[in-house]
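S.K.: Chain residues, written in single-letter form:
Protein chains: 2
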Amino acid sequence: MEVKEKTGEMSRRQFLTAVGKIGGGAAVFSVMGTLGLLSPETLKAAEYTPPNKNDLVLANRNGKKIIILGGGIAGLTSAYELGQAGYDCTVLEARTRPGGRIWTVRGGTSDTEITGAAQVARFAEHCYLNAGPMRIPQFHVTMEYIRKFNIPIEPFNNVNDHAYYYNENVGELSGHKVRKRAAKADVRGYVSELMAKAVNQQLLDLPLTPEEKEKLVNYLKAEGDLDKDLFYKGSSRGGYKDEPGSGLDAGVLRDPFSMKAILNSGFGNFFSSEYSYDQQMMMFHPVGGIDAIPNAFEKRLKGVIEYNSEVTEISQGESSVTVKYKDLKSGKEKTVTGDYCICTIPLSVLKSIKADFSAEMKSAIDSVNYASAGKIGLQFKRRFWEEDEQIYGGNTLTNMDISSIYYPPTRYLDKKGVLLGYYAFGANADKLGAMSPQEREKHALAQGAKIHPQYYDEFESSFSVDWKSVKYNLGGWVSYTGDQRQTIYKTLCKPDRRVYLAGEHMSYITAWMAGGIESARSVVTEIHQRVLQE
Amino acid sequence: MEVKEKTGEMSRRQFLTAVGKIGGGAAVFSVMGTLGLLSPETLKAAEYTPPNKNDLVLANRNGKKIIILGGGIAGLTSAYELGQAGYDCTVLEARTRPGGRIWTVRGGTSDTEITGAAQVARFAEHCYLNAGPMRIPQFHVTMEYIRKFNIPIEPFNNVNDHAYYYNENVGELSGHKVRKRAAKADVRGYVSELMAKAVNQQLLDLPLTPEEKEKLVNYLKAEGDLDKDLFYKGSSRGGYKDEPGSGLDAGVLRDPFSMKAILNSGFGNFFSSEYSYDQQMMMFHPVGGIDAIPNAFEKRLKGVIEYNSEVTEISQGESSVTVKYKDLKSGKEKTVTGDYCICTIPLSVLKSIKADFSAEMKSAIDSVNYASAGKIGLQFKRRFWEEDEQIYGGNTLTNMDISSIYYPPTRYLDKKGVLLGYYAFGANADKLGAMSPQEREKHALAQGAKIHPQYYDEFESSFSVDWKSVKYNLGGWVSYTGDQRQTIYKTLCKPDRRVYLAGEHMSYITAWMAGGIESARSVVTEIHQRVLQE
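From first to last, the protein sequence lines stand for chains W and R. Note that our numbering numbers the first sequence so that position 298 is 298, with each residue one more than the last. Count along the second sequence starting at 1, add 534, and that's the number in our numbering.
In case anyone wonders, no lab produced these hints; they're calculated from the structure. Here the structure is a predicted model, which means the values were calculated and not measured. Careful, some of the hints might be misleading.
[To be verified] Negatives, chain W to chain R, calculated, CB over 10 Å: (1) Thr49; (2) Thr337; (3) Ala359.
[To be verified] Cross-link-like lysine to any residue pairs, in silico, SDA-like; alpha carbons within 20 Å at most: (4) R:Lys896 to R:Tyr1014; (5) W:Lys213 to R:Gly642; (6) W:Lys213 to R:Gly800; (7) R:Lys1028 to R:Thr1059; (8) W:Lys381 to W:Lys197; (9) W:Lys381 to R:Glu975; (10) R:Lys747 to W:Gly266; (11) W:Lys215 to W:Asp227; (12) R:Lys749 to W:Asn169; (13) W:Lys415 to R:Phe683; (14) R:Lys896 to R:Leu1008; (15) W:Lys416 to R:Asn684; (16) W:Lys197 to R:Lys1028; (17) R:Lys950 to W:Pro152; (18) W:Lys213 to R:Lys731; (19) W:Lys215 to R:Phe959; (20) W:Lys415 to R:Asn684; (21) R:Lys755 to W:Val120; (22) R:Lys888 to R:Gly851; (23) W:Lys233 to R:Leu740; (24) W:Lys177 to W:Glu386; (25) R:Lys915 to R:Leu1008; (26) R:Lys794 to W:Glu214; (27) W:Lys65 to W:Thr335; (28) W:Lys215 to R:Ser892; (29) R:Lys1005 to R:Ser708.
Quick reminder that beta carbons are idealized off the backbone N, C-alpha and C, glycines included.
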């Protein structure tokens, strides 16, 4: 009971630490579970115990010099966590800002892709594009740093049934913009009708009691909004031709699409994009741009990050790591030596950097592929999606090249806004990426205008990113095959003598900031343990 | 083309007005539709043309004196719209604040229910309970006033898959708190499996081509996350026993519940609560409390609202309406006379006010029922739902009396927070409403603690509302039967000589602020037309 009473006064972290000191690792979770304080799942974040200065003192060790390559989220987390424990860290970052792919493009932001395509963003005040990560699941470890650093957040509207599906070459509904609610109501309606009737008519051999079958039918009635005879005949869930109003105006329901039309439309295949573990609501993002996260780390890493530092060579001695880098400001070649190195450089970039890694490690790094991903921010002088179409955040999905349009989940009711004109992957991203920024803009406008005819009247300026063409990234995120996870990935997970790899690519939470953070925390823990045992 | 080019420079309202002047009513929508500027649906908001001062001048008429009974959203809208057109309005409001059911309870707010139960809220700064309306669908007319009055808004997290379902007496899963994502994944998985196999084995007589059947099966595979043999064997959508992490930690999926267990749990019947037209994401609410809406109206109605004015009698002469009311401050009886009256007093209250309505109208008012609804705000000294359970907004649903728990969709990461400890309707609301505020608190804590054991350690104070017991409301919202809509409702919709009824109860958008607004706009239009033709 003493422990239980104490928890009221303690933070979860303090409690974990306290119980951890009494009972050690596994016991913590069992106690927390018994008290009902832990959620049924084990979150990665809860498993981490930061390295502690006292451990070093107790072990009669000093904090070592750690060279961290790359100032993205993995590098920043490593430097922050090791710094808190008294380690001397240097982060080498080629750019003049922290964050890596965590990049907010604002008015004045400039970039030249490796093809030579140069852009300068002409976005207005408060208008921005989160070119890389843009949303955070509420249970990701990222939220822990947001909390620790007091970063203001707001919801990221990942689900909006008032936005549209729009497909081409899908039969009857080709070229129709259909509110998501309408497609969902019709698909769920027809499928539930078929299923409910099949259960009712004993067409299915179900391992269920009659009472359970009745429950199943009742569920399907609720799920599909079926009438008492189990028919789907449209539903208010799908919306109205004419909304209900005041007085005698009861409204007029929309007519459902036919089962054939809605089935052929392919809209149903979009539904599950909202179901995936890390895309389910609620999601969040920092107010004013995702770069609030790297900026908050940077503020706490004064003198630790060396910008304009392009790594050119990594080499290891008996008990040290030496990194050569080019100071992009002076053009001079510089050298730094430390006890350990955490290399967070994307493998797509690392493979071209000279390093005395083992042959196995080299070959592993060489064989990894990165995903294609591209975005364009379109600034409009009027938020017509809000004003004319009542869409506040969320996305419209389409089978056109642009794949999706995301409405800004921030500063609602403002005059201007930056709409994400496409967020494309794979072949679509490659096609768009191969275009010049001017062509991308033209293409995004032409396809987007099919859904929003207001585009041409309201458009002001754009900024686009093809991640495969962005220097120091050369890809959206790592993309392992199942085989690679069993082979080369295991090699990448082992330190190459004194060099440890970290980043989203060193996790099973790829493409997420949380992958970079979790990976950094693991490596930090490994290095700390090694130092204690040295 | 001239019109199209013009629209870029004009607001939608200006455009509607301009085209309306050229072509008149119906033509507006047809032109807007052709230009693709209107959404496929006809929104009520777009149909309203505010009364215009110039109309009165042209018709050689003066604005008249309008007496408005009730300072809720319908009364405020009426006074605002008529005031803009030069009418002389007086709003009589019994309370000392505007808004009626639009009520934000803050520290210091006091209220005594008709049973004599008195409460004073002891909420901390920034902590509040929206005791009545708390969320706004993005397409409701309410957003138009929010835009017009520049009221800051933020999302209302009506959907959160990281929150729970918790049911009792439902077999195997009784008393288990289950993340919504897990229940959704399992139900969709099993149902899709059954259906996909039935389609594949030609058990169903479907009016579909083989190609369409394949599309249906593919949809079901995506919907249920089925394997290649169409089995549901769990899904990452349902979450993990142990989340994926860094390095070699691929995570461990949770085991799905059995089909029988999940079917008997009743969780599936909760899903459709998120599907209904006006509960779909995205939803919004004003930052800092829903009373920002009535407060914004009040600011624009200086000298128009007379507070502390309890209406005691409504009587009509040949060409006037006289309203007697009690000044609750002085205790004096007062009288006001006008040309017309808009009565927005809930029918549950109006039926006890002396009025010389027609017998038909009186009988109609008498026969209307109001819904039971109750809420309790529980202030906790720590946001354990965010800190321990990573739940940021959204709701947990249960078959216990408390029905639901809503996590505050605002000021995330704050220390304290007011959680909606129950939002109950019908019999549950009656049961809780019959209790004293102390008993309600005790009951809400006891049931809520089954889901969140942190309750007792973290609880600070509560404030509860039973709408049937709130003076000047006596009910949550109107509740017509289908028959009543065809009979007495039609009577209520006709003015009784010079008295017009308005409010959510005079609409098909009952229980929503939008119903009150739409109703007010209709009545305002009717009165204006009548004045023009006098």
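S.K.: Against each hint, give a clear statement of whether it holds in the structure.
M.R.: Now the hints, each set against the structure:
1. Thr49: Non-interface label on threonine 49 (chain W) holds, nearest chain R Cβ at 14 Å vs cutoff 10 Å.
2. Thr337: Given a closest Cβ separation of 26 Å, the condition holds.
3. Ala359: The assertion about alanine 359 (chain W) holds, with a minimum of 22 Å to chain R.
4. R:Lys896 to R:Tyr1014: Distance of about 16 Å is within 20 Å: holds.
5. W:Lys213 to R:Gly642: violated, 53 Å
6. W:Lys213 to R:Gly800: Within the cut-off at roughly 13 Å; holds.
7. R:Lys1028 to R:Thr1059: Holds, at about 14 Å.
8. W:Lys381 to W:Lys197: violated, 52 Å
9. W:Lys381 to R:Glu975: Cα-Cα ~50 Å, so violated.
10. R:Lys747 to W:Gly266: holds, 13 Å
11. W:Lys215 to W:Asp227: holds, 16 Å
12. R:Lys749 to W:Asn169: holds, 15 Å
13. W:Lys415 to R:Phe683: holds, 14 Å
14. R:Lys896 to R:Leu1008: Holds. Lysine 896 (chain R) to leucine 1008 (chain R) sits at ~18 Å (cutoff 20 Å).
15. W:Lys416 to R:Asn684: holds, 15 Å
16. W:Lys197 to R:Lys1028: Cα-Cα ~45 Å, so violated.
17. R:Lys950 to W:Pro152: holds, 16 Å
18. W:Lys213 to R:Lys731: holds, 17 Å
19. W:Lys215 to R:Phe959: violated, 23 Å
20. W:Lys415 to R:Asn684: holds, 12 Å
21. R:Lys755 to W:Val120: violated, 44 Å
22. R:Lys888 to R:Gly851: holds, 15 Å
23. W:Lys233 to R:Leu740: Cα-Cα ~17 Å, so holds.
24. W:Lys177 to W:Glu386: Roughly 16 Å separates the two Cα atoms, so the pair holds.
25. R:Lys915 to R:Leu1008: Distance of about 32 Å is beyond 20 Å: violated.
26. R:Lys794 to W:Glu214: holds, 12 Å
27. W:Lys65 to W:Thr335: holds, 14 Å
28. W:Lys215 to R:Ser892: Violated, because 49 Å separates the two Cα atoms, which is more than 20 Å.
29. R:Lys1005 to R:Ser708: With Cα atoms ~39 Å apart, lysine 1005 (chain R) and serine 708 (chain R) exceed 20 Å; violated.
Checked against the numbered hints above, the structure breaks hints 5, 8, 9, 16, 19, 21, 25, 28, 29 and satisfies the rest.
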